[in-house]
Each structure stands twice: as structure tokens, then as C-alpha cells.
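Participant: Protein chains in written order, with our numbering: chain A, 1 to 339; chain B, 1001 to 1339; chain C, 2001 to 2384; chain D, 3001 to 3384.
Quick caveat, the hints were computed from the structure, so don't treat them as lab data.
Quick caveat, the model's predicted, so the values are computed rather than measured.
Where is the CB? At the ideal position from N, CA and C, for every residue including glycine.
Among these hints, one or two may not hold up.
What the hints assert, rightly or not - Cut-off 27 Å, straight-line C-alpha distance, at most; resulting in silico cross-link-like pairs (DSS-like, lysine-lysine):
| no. | chain 1 | residue 1 | chain 2 | residue 2 |
| --- | --- | --- | --- | --- |
| 1 | A | 225 | C | 2325 |
| 2 | D | 3109 | D | 3142 |
| 3 | C | 2181 | C | 2142 |
| 4 | D | 3181 | D | 3142 |
| 5 | D | 3269 | D | 3181 |
| 6 | C | 2269 | C | 2181 |
| 7 | B | 1228 | D | 3181 |
| 8 | A | 228 | C | 2181 |
| 9 | D | 3269 | B | 1225 |
| 10 | C | 2142 | C | 2109 |
| 11 | C | 2325 | D | 3181 |
Stated by the list, open to error - Quick look at which bits of chain D chain A covers, simulated, 3 or more residues with Cβ under 8 Å:
| no. | segment |
| --- | --- |
| 12 | 3292 to 3300 |
| 13 | 3361 to 3375 |
Each chain, written out:
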Amino acid sequence: MYLLPTNEQLELIAVTNDVLTAHAPAESIRQRRDEPVAVSDHDWRALAEVGLLGLGLPESAGGVGAGITDEVLVFSEIGRTVAPGPFLPCVVGAHVALAAEDHELAAAIAAGEQRVGMVVGMPGLALTQGRLTGPAWVVDLPEHGLCVFATALGGGDAVGLVRVQDSTVAVAAVDPAVRLARAEFTDTELQRAGKGSAVILTRMTLLVAAELAGVARGCSEASAKHAKEREQFGRPIGVNQAIKHACADMAVRAEAAAAQVSFAAASCDAGHADTVLNASAALVVAVDAAQRNAAANLQVHGGMGFTYEHDAHFYVKRAERLRLLLGGRTAQLAALVNS
Amino acid sequence: MYLLPTNEQLELIAVTNDVLTAHAPAESIRQRRDEPVAVSDHDWRALAEVGLLGLGLPESAGGVGAGITDEVLVFSEIGRTVAPGPFLPCVVGAHVALAAEDHELAAAIAAGEQRVGMVVGMPGLALTQGRLTGPAWVVDLPEHGLCVFATALGGGDAVGLVRVQDSTVAVAAVDPAVRLARAEFTDTELQRAGKGSAVILTRMTLLVAAELAGVARGCSEASAKHAKEREQFGRPIGVNQAIKHACADMAVRAEAAAAQVSFAAASCDAGHADTVLNASAALVVAVDAAQRNAAANLQVHGGMGFTYEHDAHFYVKRAERLRLLLGGRTAQLAALVNS
Amino acid sequence: MDLDFTPEQDQFREEVRIWLAEHKPTEQRPHSGTEMRDYDLAWQRTQHEAGWAGINWPVEYGGRGLSLQEQLIWFEEYGRAGLPSMDSCFVGLHHAGPTLMSRATEAQKSTHLASILRGEEIWCQGFSEPGAGSDLASLRTKALIEGDELVVNGQKIWTSHAHLADYQELLVRTNSDGPSKHHGITWVICDMRSPGIEVRPIETIDGAHHFCEVFYDDVRIPLANVVGEVDQGWQVAMSTLSFERGTAFTAGQVRLATTVDELIELARKFGLLGDDELQRRLATARAEVAALRAMTYVGVSRNERSATPGPEGSIVKLYFSELEKSVARLAMDLLGTHSLELTSQTRSDGWTGRFLEAFSMTIGGGTSEIQRNIIGDRVLGLPR
Amino acid sequence: MDLDFTPEQDQFREEVRIWLAEHKPTEQRPHSGTEMRDYDLAWQRTQHEAGWAGINWPVEYGGRGLSLQEQLIWFEEYGRAGLPSMDSCFVGLHHAGPTLMSRATEAQKSTHLASILRGEEIWCQGFSEPGAGSDLASLRTKALIEGDELVVNGQKIWTSHAHLADYQELLVRTNSDGPSKHHGITWVICDMRSPGIEVRPIETIDGAHHFCEVFYDDVRIPLANVVGEVDQGWQVAMSTLSFERGTAFTAGQVRLATTVDELIELARKFGLLGDDELQRRLATARAEVAALRAMTYVGVSRNERSATPGPEGSIVKLYFSELEKSVARLAMDLLGTHSLELTSQTRSDGWTGRFLEAFSMTIGGGTSEIQRNIIGDRVLGLPR
């Protein structure tokens, strides 16, 4: 029973960090905020090339056949560095394609040639007999319209791909790392993952939790660093317990989220019976850690953290966006108490 | 528009404090924990003699005809010093007697000759057509069995007197300042205050809020005092922001509760239309302030606060007991959002 | 402890209410640039002409000479009428104005006070510096005395509306060899059109550009513009900061109460009032804005008894700031996935923009941590 | 990052489970006095005879010589079986025992280690003093060296079960002139039956008497009982404290998970699961106890890589303590007016007693504030 990363996994983390720094740094969110996509095709393919998108896919689908324990490490790094890019819908979309035995699509996604967006329901969106009707948000809608849609945790266990073809209305997103549009579905087919749904939903739950745990960690590290470097009243601000204890609490929350994500991922790879419960727990703990650490990090940075130039607000906005997936807190908690 | 106490009111506070210190100090809770009543008849009459019980009653009923703004000052002192004694049921009971035109009973209560207990419903207690049926707690049951019963805020606006005559079973109370018993009512008559109910319920809400605001204030003061006096690492512990900021937050909560209690009481005496809303708000803010300050005060005192010898736990227990009145948080908050 | 306003005050409130209903601007307030400046100044002029500017300012400075209570009533009704805050006039009316009244020479007062009330001058504040932050007194913007002028070099930050302002209340270091860093600071009136001043707006988390950096390159300011004594500006600055804890935030507090009512309506519309948790959070918020108002009333009562506002103002500031943030958080939770969209706070349903902006509440005007220090040290008398 | 236990470990868990089911005591554990002592020691003896005592202690000291993982498994199953914590054996098994193993002489080890495992010795801890509190190193209980003895005078406080203990791990000041207060402290084994020792139980908030004050009046302790060097006891004490952050609290954590499940049942019984707020608080608690277990596993993984537990143990301790308190608070809120009755924590439905007792969680074993200091200073490397 080991929950610390192996040497190979430390290597994976380092490689992920290198390629994210090169091709999807937080800084690029600012630079490309007025571009139609947050990550250029060139950079997206470079990110795909090192295998970030196909890590958990079998080799037959252009992947490397790694477990979810490796995938969560990648998503944790994405959150930690607030890297932009449609990692989540692409990875989930590839797994849906695989479950539908569309290896070609899975390989195209894994190679970074085909992007996938994410549909998030508004109140009133209904999934009936495999067809979507009603209003929804579309995040990072790709040209061809392919998007992932997932039901709320505990709410039917369906995940699939839907093609957004009708007209959408672009609006400003809270999180500048994504592009947002409103869409209205009218009896649109959802290509579901079928029997694979439950497993893919668990995977998605863990990937979201991992990215949020990464956000919590990134904020904790940024605050500790700032507390050491920033001087006021002639001393680093970290000497003040108001700052020191805020940093300690952030570290605790980050550790709780990371530990539970690792535990749940290992439990998932091992096929344990309580994997779903552990994945839900990971998401709940990670959402809380990410939200609170992002807010605390901004406060620790003071006015500096309130500027657009600083990265602190990216963490706040990332946490806000991710918390809404999988039915949001209401559905996530209900799933946990009823399981 | 003044919310600060007048000179006369400062005098009232001082007198109240003197008489509570003499006849109902926190220390007496420890001394008399195995006695059948928390305050002896001698002390109770002495407390009544200075007018603490009849403050808001007309002179015809043995009172002094003061407003609720004065009554809340007394109850705030009771909370601040965690004085034992059935002040709340007696004052409320006297007002019910008055509403029922039983001046004799009101005067007997005000004089400290007749005590009143408090009935607190268990789930299952029903009030139907003025009669109580089902299980309940009885707090400080007097020999003759007379008790106050009040419905939840927003739940029918009934308050009245009930005589507990059937056998009760004594049990240990969380709060050693009171004696507790279980009772079972079977179609027992509640002598309701009738048209006066709404006004008396508002008064009771404010008295409970005032006592809780006093608890919050007492804790805030105790912690600030301890932070100045207790030395660790060669300095008073109050130099540490962990302590200093905890004390500051306690002061803020105590101030918020006290201000809203004063505001609502003044609003009540002036007969303003939004008095009920303000009284509910006072109770909600005061419950929160009392609970959190009591817990924080115990933490600031460390191991010392965890001993029975120290008063810190009396505040915790008082807050726990008082928060349950008037339907508890659920009913209190529901009343507030629906008004 | 009489809460009742006098019949005259009730009458005053009624007049305010009627006048605001009849005269409030109908067009939307522009949210930036000279359009906003023009709007704010025009609205201030309108208020002044009708006698509503400087309600508790002395008559000799162009005010009405009424008490803090009438001023409070004005702000309550102003907030209740849903009127926009006039950000750009804030420093003039609530910082610089009261400071000049208490500390300036007659010449300085006559130059500025009536103009501020008449909507002819916008003021900004030049206190914060990049290296200083909460440690305000460690400021390093330097001013050398040359003849009858100060020559200023350095940089300020977090100056709201510097690009729109006519004047600035500027803190500079005139002496670095004093017994403490609090000595050697000078409070001076800086004309923002002086040569050598460069203003660069800062973009903030919510995409707004209200805050600026201000750079000073050999900026010459007449010594006659010094308020108080040279090197003694810290005391002047401290009084400036405490003034803003009077009634200045009353309108904002009333707006917050309105916001909570709006959120209750929003929850009703979304069918969320049946959600026990959200319903209780809304109810708690309603109780807390009530307590905030009560605390403000207590503060006004207290301030009427003393000349300069005391450290208790930090209690209200801390409570208000934290409450603004928690209400903003609650709004996001009510919005559900609608919180994905960035809706500017200039829109009436601009909840996400307001959520982002609310992060500044516990930072600006002294962080919550600094407020807790003030409460601990100066209200509770804890050891430092 | 392989979570799977080995087949041997799974087998071990199965054996533990079966044995506990067959051998767990059927009578209620007395909650105080010599009855409790006798109960705990008898149960410890039973465990020892079956080979379950000191699972990860070296064979030479009477242990099984297995890894921390098997020890963890034991505690998990112990907690899961709903078995009572053996408070009175805690110091011997988790503080004194590990400390002796790492620092004591062979003579000291052979005198005590096997006896602790066999349930023949109860230990208590003499670290805290009334004047010291969180500032442990400022302790003043004085020991003079006279010949081959220490002569001890002074007072300790918060000594759990001192009135039942055979031995005490005692910190005394042997030198007041050292370079720092951390120097000059000596860690010594004190026989609690020594003349001159007086024990006075302290009543706590929940009416219990587990904690004691201990007074020392010319108590003579052989120098041979000193563990480590004279004046160098601080280092020994620090290692003692870090040992308790290993698997020692695993059973307590599993019990907390069970408590949450019980509360969910209670809520169901009371018809409160339909209350959105209470349901979500219960769900959150369930998620958090899961995270607590994961953190413990991470800690065990980390400890296997290093000889002495690191400061990261404070992260788990802080999380665990705060969670215990919030679950206790949640229980009170679920109870409604039933929380008026004091129900002792020795009863299975003793929620109010447990609520009161939980206040000690963030105080004992280093307050939450001290844990945050440790995390800030030693885990994050923040400046002091």
C-alpha cells in the first residue's frame, strides 16, 4: 500500500510540468484572451504528442495504457499550474469514443487533431431516451461541434458525446481560460457510452477532483512562496500568524484533497467495490479545498492578487468553473450520503 | 436615535451586575450542582427584590413599567455573567399571567415567590386546540408545576402557561445551571396568552437574544482578559495573531449581536412595523455569536478552559440550551426569510 | 436608547425620499472613463443645487450644517432608491473633504471644500505604494523641499480613478532620518495636471480599470499645499482613514440589504427557496445585514459623543467586508451553472462580476487582517 | 502508488477480524478508576497472549516484528469492530514504548518494553505544567542531582490517568543556565509509587476525571532512570511527540468514520435526511473521514521511507482534531432538543458527552494553533 508517487510517476509529473510550461502556461491565458481558442493548434498538438491526452487509452487507440493513477497526476499538474486547454473533455471524450468502439475518433482526439468541448446543462435541460432537449452552456465548442455531456453524479450515470450543430450565442466566460456559448438543444442525440458509462463517469469524477486538488496545491504553494518573499513592517509577511496559519490551513486542505484523490484513483485501478464512494469523496473534498484555497491565496497576495496581471484570480475562476461539473455540489453530496 | 445606553441604563446595568454577583454568580452553579434548585429561595427573592423579574411589568402587577430596552440590558448581564436562575420563564410567565389578567400570579412571580419552569418540546409534541399532547423536556420544574411553553417562531405564535402535573423523570442536563426532566403530556391545557401572544413571543425572542448576546460578550471579555494576562514563550499570549485575531472576531460577533438586540428592542418599544423581523434577526445573530464565541473562548483558554473549575464551559452549555428555544435554528431562520 | 428619529428627522427623510424619486438620473451610469466622471459630477451638482450635498458639513464650507443623523438618513434613502455609488466623488466627499475641514488652512479650505460639494473637483488618494501595502508608513515616495516647492519622485499604486481626478491627497516622505518611519511623512494636495505625473490604469480580476498606478518624476508642488505640518502627515492621514468609517458606507450597506432581498427573489424565481440550506443562508444574510445597520447606528451614536471616530469603526468595516464577500459567494451558489457567464457588475443581474469585485472588500481600505490587528490592539487593548 | 495490500496482508487482516470477533470483551468497559485499569490491562494481556501486541515492535522487545502496514491493519479492524480505546495503555504503547526503543539503554528496555506489551504496566506522561502550556520547554519542575539520584520538586498537569499509572515519562529541569530553555531538560522514568508524589484528579467540562495534577515533593529517582543524556531530554521528548503521529490514532479515525455512519442512521431515524442542509453536512463529513483515512495512509507510506516521523504528522493531527469537533457539532444539531440531556460518552448514544469531550481535541497533544505553527514553520518553511 503506497500512496506516494513512484519514481516513474515523479518523472511523469516532471515531464507534464515541462510541457505545460512550454505550451500552456497560465501567462498564455492573458495573452490569448481575445483569440478564438485558448490554446493554439500548434501547442495543442505538442501537448498531445507527449501523451497527455492518451495516457489512459490502450495502445490500439493511440494511447499508452496507463492507469487512472497516472492520469490524475497529469490533471493535478494542470490544476496546479492553471494550464488552459480542453484537457478534460478531450480525455473523457476519447474514453467515450473507445467505449463506442470508435477507435479512430479516440486516436484523433489523443493525437490532438480533434478537439472536444463540454456541454453543461442549464436548469431545464432534459435527457430523455438518449436525446437532449433544452438550454445549455457549451464550453470550448470546437468547429465540428463535438462535445462531452455528463449527467449529475448519482443521477443516471450517463456520459456521452453530442454534436452541437444549432446556432449558439457566444458570451463572456467567468474563466478566461475557456470560451463560452449558450445553446438550445432540440431532441439532439447523445451518443452514450452505454455500459461503459459508469466507469467513465468515475474517471471523469476523479479527473475533475484531481484538477481541483491541483488548484488547491498550486494556491497553497503560491501563498507559501509569497509569504516568504513579500516583506512588510521590515519582515517577510509569513512571520505573522494571520498569514502563517492561513498558509497552514491551505496546506492541510491541499493535502487532504491530494491524498483522497490518490486513494480513490488507486482504489479505482484496483477495482475495489467502494471506488465510486471514494471518487465522490475526492470530488467533494477537492471542490472545497480548491475554492477555499483560491480565495485564501488571493487574500494572502493582497492588492497584487486582485490584479489581472497576477495568476491568483485564474485559480479562483478555475475552481468556479470546475465545481459546476457533475451536477455541482448538490448532486455530488447527495450521491455521497445515499451510497 | 441613540443606541448607546443612557446614564440611567448604565446605572441599571451596574445594579444588575451587583445583585447577580451577590446572589447568582457563576461559581454558585458549581457549588449547588447537586442541590434541587440552582438558586436558593433566599437568593431568588433577593434577585426579585431589586426588580429584575418585574422590570417590564406595570406597577399594578408589582413591576416598574420599564420598556423592553431595559429588560434586554438585564438579560444581557445574565448572559454575560452566566448567572443561574429561571429568569426567562419567570419574566415571560409573568407577562402571560398579565395578558390573562391574573395580576396576582404576575405579582407573585415578580416578587420571586412563585417560580416558573420551561417546557421544551420533543419531536412529537403537538399543540391542538390549546391542549398539549406528547413528550417534552421540562427545565427547572417548580414544585407546583407551572411552566412556560412557547411555539416555534413563525409556527402559530402561541405562548402560554401549562401545569406539569403528571410524573416526570429527572435526567442529567447538559447545562448544570438548570435541572432537567422528561414529561409526557396527555391532553393538557395550555393557558394561552391569547391576543397578547405575538407581543410576548417577540419579547421572549428578544430576551433570549439578549441573554445570548451577553454570553457572546462575556466570552469576548474573558478571552481578551486571558490574552493579556496569560504568558507563554515569555510574552502575553495576546501578542500572537492566532489569539489576537480570535479575540477580534469574538468582539465583532459580540458587537453585532448587542447592536441588533438594542436596535430590535428600541424598535419594539417604538412599535415599529418591522419589529418582528428585527427580533428574529437579533436571535439569529445572537445564537451564532454565542455559540462561536463560547467555543473560541474555550480554545483561547486551552486546557484551563476545559476544566470544570473554569467558567468557560458554562458559556458553551448556556449557548447550547438557549439556542433550542423558539423552535431552534430551523424555525428561526425560516421565520426570517418568509417575513 | 431611543431609536426614534425626531419628527423633524422623519420629515427630512420624507423630503429626501420625494426629491430622490423625482430627480434621480434615469440614464444608466457609465462604468468608466470621462463619461463616468461627467455623469458623477453632474449628479453631484444636481444634489448640491437642491441642497443635499454635505448635509453634515458646516454651512461655512457650503454644507447644510445638519447632524450625522440627517446625513445617515440621506445615505439610507439614497441606497434604498437603488442609486449608483458615485465612486469617483468618494475620496473628495469622505476622505479629503473631512480631512481638509479638520486640518487645513483657511485658504486650502476655501479653495476646495465648496468645489467638492458643487461637483467641480474629483479627488483621488495617493497613499499606497507597491513596496508598502499594509505597512503604509514604510512609504518611500520622496519629496525634497526646494524653495517654496516640494519636488516629488516615486510611485503610488491602488489609486482609484487617478486618471479622472483633479486633485490627490498625497503622502510623501520628506524626512528619512526621523525617530520612526511614522515621522517624516507629509500630507500634501497634489494637482493631478502637474507636469511629471504619469497615470497607468491597472486591470483587475473583474476586467475593470478603476485602479491606477501613478508615477511621479520631478513633480513640483507648492509648499502651500501641505496640509498640517511638514513631516507630521501621518497623524493627518490617520484621521483621514478614520473618517471613512463614519456614515460613508451607509449607502453601500443599504445596497447590500437590497442585494440580499434580490437574492431571495432570485431564489424564489429559480425555485430554490425550498432548498433548506440555501434558504437558511439567505435568512442568515438577512439577519446579518440587519445587524450591520444596527452596528452603523451604534457607531453614529458613538461618533456623536466624540470628536474623531474611534477604532470601533474597524469592527463595522470588518463585518461589512466579510459579509459582502459571503453574500457574493451565496449569489454564486444560487446561480448554479449561470455562474459560468461573466456578467458585469454594471448590469443589475451582474452577479458574477460582483462576486469577483467582492474580493477587494477584504483587501482595500485596510485588509481584514489589519482590521483585526486594530480591533485587538486599540479596541481590546491587547499587547502588541 | 499501489494501494493494494499484499495477499499476505489481506490474510493478516482476515485473521485479525476473526480473532477480534471471537475474543472481544463482552462486558462494558468501566469508564474510570481501578476497574478501568484492570479491564484495560486484562484486555491487553489477552491481545498479547494471542500475538497481537506490538505488531510492528521488534521481536527482541516482545513484538511481532511486522511492518507499519500490519499495525495499521490491526488498528483499522480494531476500530471497525467498535472496540473501546484503551486510553490507559496509550502512553505506554505509543509514547513511552517507542521512545524507549529508540533512546533507552538495554537495561531500561528490558525492564519495561515487554511488560508494556504484556499489560503489566500503565504509563502516564509528565510533560505539561500549569505555567507552561503550549510553551512546553519553559517547564520548571526542578531536579537536583544528589549522588546517583535526581531529587524532584514541582508540579505537572494534564497527566491522563496519573492516579492509575505505574510509571511516568517525566520531563524535569536539571539545568537553568543553559544556552536556551530547550537545554537543561531531562527525560526520566518516574515510578509513580515513589514517596513524595501526590496525584489530584481534575474534573473536566464533561464531568470526567481522567486528567490529573501531579505534585512532586523531594521525589527521589535513580539517575539510572534517565533516558538519553542528562540535560538533553528535549530531543528525546520531541521524538516521543512525533511517534504519536504514526498509526496511533488510526483506531480513533476509524471510530470517527463509524460515528458519521451512525449519525447518518440517526438522521434517517429522526427523518432528517430530507433536510438539505443536514444531509449535505453529513455527506461532507463522510467525504472528510475518507480523506482523513487517505492522509493516514499517505503518512504511513511516508514514514516507511524515513526513520523518524516528520512534521507532516501535524497535518493529519490538525485535520483529525478539527473534524472530530465539527462532527460533534453536527451531532448536536441533529439531536435537536435531545441535546438538552447530558448523555455520557460511555453510552453508545452519548452524543452530548462526546460533544463536550471533543473540545479537548484541538487543545490536547498540541493545540490547533501550535499545529499550524509547526506546519507553517517546519512543513512549509515559513520564516519565524
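Participant: Hint by hint, say whether it matches the structure.
Facilitator: So, going through the hints one by one against the coordinates:
For the suggested pair residue 225(A) and residue 2325(C), the alpha carbons sit about 25 Å apart, so the restraint of at most 27 Å is met. Distance check on the hinted pair: residue 3109(D) and residue 3142(D) sit about 25 Å apart at the alpha-carbon level, within 27 Å; holds. Restraint check for residue 2181(C) and residue 2142(C): the C-alpha separation of about 13 Å stays at or below 27 Å, so the hint holds. Our distance criterion of 27 Å between C-alpha atoms is met by residue 3181(D) and residue 3142(D), whose separation comes to about 13 Å.
Restraint check for residue 3269(D) and residue 3181(D): not satisfied, since their Cα atoms lie roughly 56 Å apart, outside the 27 Å limit. At most 27 Å may separate the alpha-carbon atoms for a hinted pair to count; residue 2269(C) and residue 2181(C) exceed this at roughly 56 Å. Between the alpha carbons of residue 1228(B) and residue 3181(D) the distance comes to roughly 23 Å, so the proposed pair stays at or under 27 Å and holds. Our distance criterion of 27 Å between C-alpha atoms is met by residue 228(A) and residue 2181(C), whose separation comes to about 23 Å.
With a C-alpha separation of about 45 Å, the suggested pairing of residue 3269(D) with residue 1225(B) is violated against the 27 Å cut-off. Taking the CA atoms of residue 2142(C) and residue 2109(C), the gap is about 25 Å. The hint holds against a cut of 27 Å. Our distance criterion of 27 Å between C-alpha atoms is broken by residue 2325(C) and residue 3181(D), whose separation comes to about 45 Å. Using a Cβ-Cβ cut-off of 8 Å, 7 residues of the segment 3292 to 3300 of chain D lie near chain A, which meets the minimum of three, so the contact claim holds.
For the segment 3361 to 3375 of chain D, the proposed coverage by chain A is satisfied: 5 residues have a C-beta within less than 8 Å of a C-beta in that chain, meeting the threshold of three.
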